Amino acid sequence: MVEALGSTQEGNLIINVGPQHPATHGVLHLVITLNGETIVHVEPHLGYIHRSIEKMCESLTYRQFIYVTSRMDYLSSHINNHACALTVEKGMQIEVPARAQVIRILMDELTRIASHELWWGAMAMDLGAFTPFFHAFRERESINDIMEETCGARLTMNYIVPGGVMQDIHPNFQNRVKAFLKMYKSKIHEYDEMVTGNIIFQNRMKNIGVLSAEDAISYGCTGPTARGSGVSSDIRKIYPYEIYNQLDFDEVLEHGGDSFSRYMVRIREMQESIKIIEQLIDHIPEGDFQAKTKAVLKLPKGEFYTRVETARGELGVYIVSEGGTTPYRIKFRSPGFSNLSVLNHIARGSKLGDLVAMMGTLDLVIPDIDR
Amino acid sequence: MWSLQKIANTIHEWLNTTFNSTIATTIEMVIAGVAVITLFALLGLVLVLMERRIAAWMQIRLGPNRVGPQGLLQSMADTIKLLVKEGLTPNGADKFLFNLAPFIAMIVAMLLMAPIAFAKDFQLWDLNIGVLYISSVSSIMVISILMAGWSSNNKYSLMGAMRSGAQIVSYELSAGLAILTIIVPIGSLQFSEIVQSQVNGWWIFKGHIPAIIAFVIFMIAVTAETNRAPFDLAEAESELTAGFHTEYSGMKFALFFLSEYVNVFIVCAVGATLFLGGWMPFHIGHWESFNHMMDYIPSSVWFFGKTFALIFLIMWFRWTFPRLRIDQLLNLEWKYLLPISMFNLLLMTALAILGWYF
Amino acid sequence: MLNEELKAAIADLLPEAVLIDGGEWVNVKVDASEWLAFAKQLRLEPALNFNFLFCLTCIDWKTHLTMVYHLSSTQYRHNMVVKVDLDANKPEVESVSSIWRTAEFHEREVYELFGVNFLNHPDLRLLILPDGWEGKNPLRKDFEDPINMIKL
Chain A
1 MVEALGSTQE GNLIINVGPQ HPATHGVLHL VITLNGETIV HVEPHLGYIH
51 RSIEKMCESL TYRQFIYVTS RMDYLSSHIN NHACALTVEK GMQIEVPARA
101 QVIRILMDEL TRIASHELWW GAMAMDLGAF TPFFHAFRER ESINDIMEET
151 CGARLTMNYI VPGGVMQDIH PNFQNRVKAF LKMYKSKIHE YDEMVTGNII
201 FQNRMKNIGV LSAEDAISYG CTGPTARGSG VSSDIRKIYP YEIYNQLDFD
251 EVLEHGGDSF SRYMVRIREM QESIKIIEQL IDHIPEGDFQ AKTKAVLKLP
301 KGEFYTRVET ARGELGVYIV SEGGTTPYRI KFRSPGFSNL SVLNHIARGS
351 KLGDLVAMMG TLDLVIPDID R
Chain B
1 MWSLQKIANT IHEWLNTTFN STIATTIEMV IAGVAVITLF ALLGLVLVLM
51 ERRIAAWMQI RLGPNRVGPQ GLLQSMADTI KLLVKEGLTP NGADKFLFNL
101 APFIAMIVAM LLMAPIAFAK DFQLWDLNIG VLYISSVSSI MVISILMAGW
151 SSNNKYSLMG AMRSGAQIVS YELSAGLAIL TIIVPIGSLQ FSEIVQSQVN
201 GWWIFKGHIP AIIAFVIFMI AVTAETNRAP FDLAEAESEL TAGFHTEYSG
251 MKFALFFLSE YVNVFIVCAV GATLFLGGWM PFHIGHWESF NHMMDYIPSS
301 VWFFGKTFAL IFLIMWFRWT FPRLRIDQLL NLEWKYLLPI SMFNLLLMTA
351 LAILGWYF
Chain C
1 MLNEELKAAI ADLLPEAVLI DGGEWVNVKV DASEWLAFAK QLRLEPALNF
51 NFLFCLTCID WKTHLTMVYH LSSTQYRHNM VVKVDLDANK PEVESVSSIW
101 RTAEFHEREV YELFGVNFLN HPDLRLLILP DGWEGKNPLR KDFEDPINMI
151 KL
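Chains as they are written, first to last, in my numbering: chain A, 1 to 371; chain B, 1 to 358; chain C, 1 to 152.
Honestly, the hints are just simulated from the structure, not real lab data.
A quick note: this is a predicted structure, and the numbers were derived from the prediction, not measured.
Check each hint, because a few of them may be wrong.
[As the list claims (entries may be wrong)] In silico lysine-lysine, DSSO-like type, Cα no more than 30 Å apart, as pairs:
(1) C:Lys83 - C:Lys40
(2) A:Lys90 - A:Lys301
(3) B:Lys155 - A:Lys206
(4) A:Lys237 - C:Lys7
(5) C:Lys136 - A:Lys90
(6) C:Lys62 - A:Lys55
(7) A:Lys351 - A:Lys90
(8) A:Lys301 - C:Lys90
(9) A:Lys55 - C:Lys141
(10) A:Lys206 - B:Lys206
(11) C:Lys7 - C:Lys40
(12) A:Lys294 - C:Lys141
(13) A:Lys301 - C:Lys83
(14) B:Lys155 - A:Lys351
(15) C:Lys29 - A:Lys90
(16) A:Lys90 - A:Lys55
(17) C:Lys90 - A:Lys55
(18) A:Lys301 - C:Lys136
Build the full structure now, drawing on both the sequences and the hints.
This is how it looks when you write it as structure tokens:
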């Protein structure tokens with residue numbers, strides 16, 4: 001076992017949080033050096049579910065590898081698929097039909113809401129409040145039902161293929177989504193009443209785990225983690241893909257940099273996603289849901305990089321092609337990996353209970369970190 | 001009218017006429033012991049089920065509803081499961097203390113039942129320092145938790161135990177001061193006299209603002225003292241997996257679990273006795289006919305109704321609030337609750353001297 | 001800054017850098033010995049301000065390894081790619097974790113998956129692979145795992 005920093009000091013206690021621990025929501029292993037209740041050092045040990053997806057993809061064709069990526073960040077699997085499809089489309093210069101673009105964005109935003117819902121419930125549970133988890137799942141279930149109806153799956157949808165989506169949306173899709181929006185809006189006030197406005201919750205979150213804007217950029221934080229520190233990092237705004245530049249939505253920014261800011265970013269982001277869905281749900285253009293593509297996809301020789309905004313931050317897909325049917329090298333720049341690297345920086349000096357809150361607000365999904 | 005008091009008196013008379021007084025007292029003690037153990041088990045079963053159903057109700061789900069009618073036998077099934085489970089003792093543990101700790105927890109919970117007045121003249125031991133007895137015996141609980149945490153030879157357990165030690169010792173102060181606030185106008189620590197003093201109204205109404213403040217402080221402090229959320233730092237499962245009982249399994253774990261629930265019952269019973277009149281029906285001053293009507297409801301119903309209302313309150317806390325951090329927890333006690341309850345005690349003393357309560 | 005301006009600015013900074021055509025972003029190939037100084041310039045030059053290293057990876061070309069650094073500026077929103085060729089047998093390059101903190105984790109990942117030795121890295125240890133891992137680096141092209149890899 002590697003020596004954790006500071007472990008040699010007299011009076012320090014080293015505890016292993018994970019790989020099996022209720023707070024890590026997966027198989028993350030943290031070696032924590034404690035001085036009493038105060039954290040001296042946090043050392044992540046990864047690899048418990050490293051499946052080497054990058055290596056796997058080297059032997060899969062451009063149609064196949066997309067499905068593996070659903071297993072990276074399983075909470076925004078749809079957005080992962082989207083990123084891969086965009087990269088292949090960029091390489092082959094496939095024009096995606098307008099209908100497919102709108103469907104993709106609708107699915108992306110539904111996924112984002114579902115992911116943030118799960119995060120909200122799980123984070124409240126980390127702080128010791130169990131009830132919000134079930135309330136979050138009430139809404140998340142209805143999104144999963146919509147997904148199931150159209151994609152046939154609830155978690156790893158694998159709905160996006162290069163050139164469009166796999167099949168057309170279910171005839172009932174629009175009604176279901178509208179019903180969900182109505183239900184969601186009638187319930188959203190419960191979130192503020194139950195968690196956001198709670199004095200204990202605010203005391204646990206405010207001025208905890210402060211991450212400055214400079215550090216957020218330097219550590220490569222993206223997504224809500226960076227936006228909580230006031231760093232504009234929404235790929236949908238900065239480098240728009242699909243038709244995001246035609247949509248009316250705001251990039252959510254909070255300037256506190258503490259856990260509460262990160263929390264508020266995600267809460268407000270759900271509202272923005274609702275806004276996007278509302279703009280699109282009645283205006284799904286008619287037409288093909290998939291572009292005509294060749295049976296065997298071959299990317300030209302070269303390098304292709306796409307960035308998309310997942311629920312956790314910036315996902316980069318970097319494909320190096322030699323002109324064959326399989327990628328020569330593929331790299332997924334996962335948001336969770338960089339976001340995790342900041343944990344030691346923000347956790348040092350705070351209490352053990354706060355570490356759990358910080359991990360909650362960083363929204364770590366372990367398969368995304370390990371890949 | 002049927003009452004617990006009559007049953008108790010009948011048994012007492014019959015025993016004394018059949019046997020000589022020594023044997024009769026011995027048999028009475030055995031009966032009392034069996035009754036306490038039965039109540040202990042029964043309370044555990046009922047409260048666990050109650051907690052699960054309340055949690056389910058607050059979390060928009062159904063809760064246990066498969067075993068028996070309406071899931072009533074669920075906690076029975078759980079008990080059987082826990083009984084047949086292997087009670088592991090870790091290799092590195094201090095075996096004697098490790099196995100002793102759950103029993104201390106259980107014995108403390110049982111001892112606390114002695115002075116509780118369950119109904120009119122239905123009490124095991126009406127000693128003249130009843131409230132003092134309760135607050136001092138309940139302090140032994142912390143020893144069992146420290147013992148469990150230390151002997152488990154587990155860092156999580158140790159941290160949980162240390163947290164619990166700091167927490168219980170601090171919150172006992174406020175709980176004690178809140179109790180004292182009510183004791184001042186009564187002038188007695190005896191449970192029967194405390195209940196009798198509320199014959200013309202419960203203390204929460206008679207004692208004006210100081211009594212209400214004391215009640216709120218008492219409820220917060222006992223929630224902390226029984227290690228219940230939002231003060232469940234000793235077993236904070238998202239931080240310390242299960243805190244001091246991480247290494248326990250089977251029936252040894254169940255004893256901790258049961259004693260937690262029985263402690264909740266006891267502190268709520270004490271709260272009900274001090275602030276809500278114990279078994280005393282709802283009386284208003286000199287409204288004789290109203291008071292007389294209220295007396296038709298049996299005193300045991302009043303007692304258990306009040307106690308379970310308070311238990312519901314504590315369960316409500318648990319399923320609503322997030323957990324505090326250890327420094328916030330101690331801040332709350334030492335910087336807010338303790339000064340407030342000290343001031344409150346002075347206020348009540350002044351009221352008692354001036355006779356400004358009903 | 002547009003790509004053309006960026007190319008001119010980079011040519012000013014480091015005349016030896018080779019600009020590679022193609023791709024949506026400016027591609028620059030630099031020598032491993034010049035990389036650290038060049039990286040510092042890219043980060044500190046006010047007109048460039050590449051403060052965000054959004055991707056760091058390595059490619060195994062069998063004959064040599066190529067480190068790929070994707071840089072971006074949160075101020076000007078321009079991107080560029082820097083490539084550094086490394087020797088396949090003894091891959092060594094200066095760590096850039098002092099410039100971009102995120103490189104610390106990403107370099108550890110590359111270190112264990114490709115075997116690239118990062119000089120002056122503060123904490124170069126295995127991150128993903130189990131402690132005491134021996135044998136080839138998994139993402140190299142010559143890596144063989146008879147149990148878990150299925151050859152078609």
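How the hints compare with the structure:
1. Of the pairs offered as hints, the one joining lysine 83 (chain C) and lysine 40 (chain C) holds, with about 15 Å between alpha carbons and a cut-off of 30 Å not exceeded.
2. Between lysine 90 (chain A) and lysine 301 (chain A) the alpha-carbon distance is near 13 Å, which keeps this suggested pair within the 30 Å criterion.
3. For the hint linking lysine 155 (chain B) to lysine 206 (chain A), the alpha-carbon distance of about 28 Å falls within 30 Å, and the restraint holds.
4. Of the pairs offered as hints, the one joining lysine 237 (chain A) and lysine 7 (chain C) holds, with about 25 Å between alpha carbons and a cut-off of 30 Å not exceeded.
5. Distance check on the hinted pair: lysine 136 (chain C) and lysine 90 (chain A) sit about 34 Å apart at the alpha-carbon level, beyond 30 Å; violated.
6. Restraint check for lysine 62 (chain C) and lysine 55 (chain A): satisfied, since their Cα atoms lie roughly 15 Å apart, inside the 30 Å limit.
7. Restraint check for lysine 351 (chain A) and lysine 90 (chain A): not satisfied, since their Cα atoms lie roughly 47 Å apart, outside the 30 Å limit.
8. For the given pair, lysine 301 (chain A) sits about 27 Å from lysine 90 (chain C) by alpha-carbon distance, which is consistent with the 30 Å threshold.
9. With a C-alpha separation of about 9 Å, the suggested pairing of lysine 55 (chain A) with lysine 141 (chain C) holds against the 30 Å cut-off.
10. Under the criterion of a C-alpha separation no larger than 30 Å, the hint pairing lysine 206 (chain A) with lysine 206 (chain B) is inconsistent with the structure, at around 41 Å.
11. Note on lysine 7 (chain C) and lysine 40 (chain C): the hinted pairing holds, with a Cα-Cα distance of about 17 Å set against a maximum of 30 Å.
12. For the hint linking lysine 294 (chain A) to lysine 141 (chain C), the alpha-carbon distance of about 29 Å falls within 30 Å, and the restraint holds.
13. Between lysine 301 (chain A) and lysine 83 (chain C), the direct Cα distance comes to roughly 17 Å. Compliance with the 30 Å bound is thereby established for this hinted pair.
14. With a C-alpha separation of about 16 Å, the suggested pair lysine 155 (chain B) and lysine 351 (chain A) falls inside the 30 Å cut-off, and the hint holds.
15. For the hint pairing lysine 29 (chain C) with lysine 90 (chain A), the CA-to-CA distance comes to about 23 Å; that is within 30 Å, so the pair holds.
16. For the suggested pair lysine 90 (chain A) and lysine 55 (chain A), the alpha carbons sit about 22 Å apart, so the restraint of at most 30 Å is met.
17. Between lysine 90 (chain C) and lysine 55 (chain A) the CA atoms are separated by roughly 22 Å; this keeps the pair inside 30 Å, and the hint holds.
18. About 28 Å separates the Cα atoms of lysine 301 (chain A) and lysine 136 (chain C), which keeps this hinted pair within 30 Å; it holds.
In summary, the numbered hints that this structure violates are 5, 7 and 10.
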